[in-house]
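A.B. asks: Here are the chains, one letter per residue:
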Amino acid sequence: MKFLKDRIIEWRPHFEKGGKYERFHTVFDGFSTFLFTPDSVTTQGAHIRGGMDLKRTMFFVILAMLPAFIFGMFNVGHQHYLSTGEFTSVGDGILEKFIFGALKVIPIVVVAYGVGLGIEFFIASRKGHSINEGYLVSGLLIPLVMPPDIPLWMVGLASAFAVIFAKEVFGGTGMNVLNVALTARVFLFFAYPTYMSGDMVWIADKPDTYSGATALANSIQGSTGFCTTDMFLGFIPGSIGETSKLAILMGAAFLIFTGIGSATVMISVLIGAGIMGLIFNAIALNDFMRLPFWNHYLMGGLMFGAVFMATDPVTAAQTERGKWIYGLLIGMMAVMIRVFNPAYPEGIMLAILFGNVMAPLIDHFVVQSNIKKRLARA
Amino acid sequence: MASTIKLRRGFDIKLKGQAKKENCVAVHTQTVSINPPAFRYSTFKLLVDVGTEVQVGTPLLYDKKHPSVVVSSPVSGEVVAVHRGDRRVLQEIVILADQQQKHIEFGPLNLDSMDATTLRTSLQQAGLWPLIRRRPFDCIALPDENPIGIFVSGFDSAPLAPSVDFLIKGHEQAFQAGLHLLTRLSQAPVHLGIHATQTQSAALLKAEKVQIHRFEGAHPAGNVGIQMHHIRPVNKGEAAWYVHPSDVVILGRFVLNGRCDFRRRMALTGSELKEPRYVDTFLGASVQSITAGEFSGKKDVRLISGNVLTGTKVNSEGHLGYYDHQLTAIPEGNDLEFLGWLLPSYPRPDISRSFLSGWLKNRVYQVNTNTHGEERAFVVTGQYEQVLPMDIHPTYLLKSIMYQDIEEMEKLGIYEVSEEDFALCEFVCTSKIPVQKIIREGLDLMYEDSMA
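Read top to bottom, the protein sequences are chains Z and H.
Under this note's numbering, the first sequence is numbered contiguously, ending at residue 379.
Under this note's numbering, the second sequence is numbered contiguously, ending at residue 530.
It cannot be assumed that every hint is accurate.
Stated by the list, open to error - Which residues of chain H face chain Z? A partial, calculated answer using Cβ under 10 angstroms:
| id | residue |
| --- | --- |
| 1 | 237 |
| 2 | 241 |
| 3 | 316 |
| 4 | 386 |
Everything labelled a hint here was simulated from the structure, so no lab data went into it.
Backbone N, C-alpha and C define an ideal beta-carbon position, used for all residues, glycine too.
The shape of chain Z in the complex, shown without the other chains (with noise of 0.2 angstroms):
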């Protein structure tokens, strides 16, 4: 490390202003302060600064999301071999889903990385901004909402227009109005929606004569068509990360306890859902109203989408009391949506882009109520 060290600073002038390589200074510093945390000490304010850095923030939602993309590795691959009737016990050819699952799964991951952090480091080194960690989650969230038979030319044009139109035109992370993987899913549905939705795309290379349907596109008949346990585990067809609410529920955990993500959001998107759920059984006008409320958990976005997208902490709500209703909203929404418009079977992802455009509006309400107090008391 020493070798890598002492190279570091060697190098580090000519990547400053000035210097021959100045030009590369975004990229250097990138990879610089990647693999070293930067040597800056305090020079106002506290003298002391907390451990804990966006690098490490970002670094740690990556983690969370690991289990599930483990499992929806395996799971494109099982799908896969569960259609062509080859291995259709869960425990047969483990490793050849494996194999099957990451050669699906690995090249949009490659995409989706290479074009928007291709994007990113352009863009910051031609405003001169150090590289934001932001689309680090980004690019992982998005292949895990894609169809596994995604082609891979969308998933790179679908990264590029969020990056570009939900990210940097609004001035990069922390700016953003939208959450990014989900700007690139929701543009993906609406230009190309033959290859976001129907029977043809949630397994990879089936053949016509199997049956392809989701659950969520099941229940318009009052039934989800697969058994409870199959959707906990996570052993049905749907977009690549959102199939295990196991590995979503273990992913929350780690999240919740290392303080990372809001568990006010996730608790509040799941309560919100119940609530909505629970009036459609009152209400029961027909079959999918009827459906136990409790299976929109286990099917389709929810889990995934309440635990890793309306969490994104930039676009939500910022106030605690604002994180509730936030939260609540996206839950009613999605369920409603689910119901009521057949045509768009996942409701979680409309209605966090909805839950994101109104967070503003939320925390002003909440913000308002602050000032009112503040004058009152005058």
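Based on these hints, arrange chain H on the given structure of chain Z.
C.D. replies: Only chain H this time, still in chain Z's reference frame:
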């Protein structure tokens, strides 16, 4: 006794180098300095020159805007240097201290017969007025304003902070006399904040003529601003005064003896001091005299007049600040750390439970001045709220300052805050945002708008 105000939000940073109460001795300081930048928003003019002989209580400076407000010499001796900065702004007046101190006699105060105006005038003449400060803005109290209350925080919760119990030990009578004086300066009540469990001194627990408020909770519970917020928050157009308990003692001695006595007990703290301890010396004492160069390692050392959160950097030839009661010495952190963001190579305090330190509440740390990351935009939410026990939305206030919306700042509570109350926010900030600097910029803007 009033009920306890429990503050659930806050964070105690436990550091190595707590001052020991044994062997507290009087230390003669070679030189003493007055640093006019400590008096925010005041423009002071010199009344002395290099070579002038002064006594304890001789006016050194007067305030251009309020000529009755003077700063007097804390020691007798000779003015040996006047340092000026950019545009000839006064930075420091250095006085070589005599071995035997000579005092100007002002005559004891009779608190029962003298009225508020007379008392205020006496304090101003003796140069003691600058010890009384005001919120908003943290500047010297205006000589003729009527505060909503006078606040004294009877405990300091900052990292390695001196124990107030110990600072006033042996000066109990003067402390009570000082409190009495404060009650006579205006119609406003005097509020004394004490810690519900840690305060032991009878002078604090049984203080007379004041309202005692018990607080419980982690830092910044001991900050006078936090206590004001919970006792009687400052609204627009109001002012609250505050005095440090050590300075209450100085005021009290003036009442009893009729002369200024600027001796203060100071805490020498931090991991880089061989023997962290207390010393009895003068306000503005020289760092060299009180530490005698006793720093442990060979490492670069950061010397701080004050605590690690809000203090001012000083060099080893420098002096303690006018309002500081503590010197902290910690190592500099100018070293690259391999994957420091992921695998910290040494333990560091943080509220985040992603570190072991987030779980071990009683562990004591050796800290350095490394920033542990680079500055970023606001990303993580809810962090500031964890360490700010005030009914204020910190991020919104900070943003309103950044876009300089004075009306919004007012509504969000800028009058109630000072950068020291936000110091922990800066410490915990994942994005390493210079929170204290922003708060002060906001206060500067408000000051220009309302006072200048």
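A.B. asks: Which of the stated hints cannot be reconciled with the structure, identified by number in ascending sequence?
C.D. replies: Going through the list in order, the structure violates hint 2 alone and respects the others.
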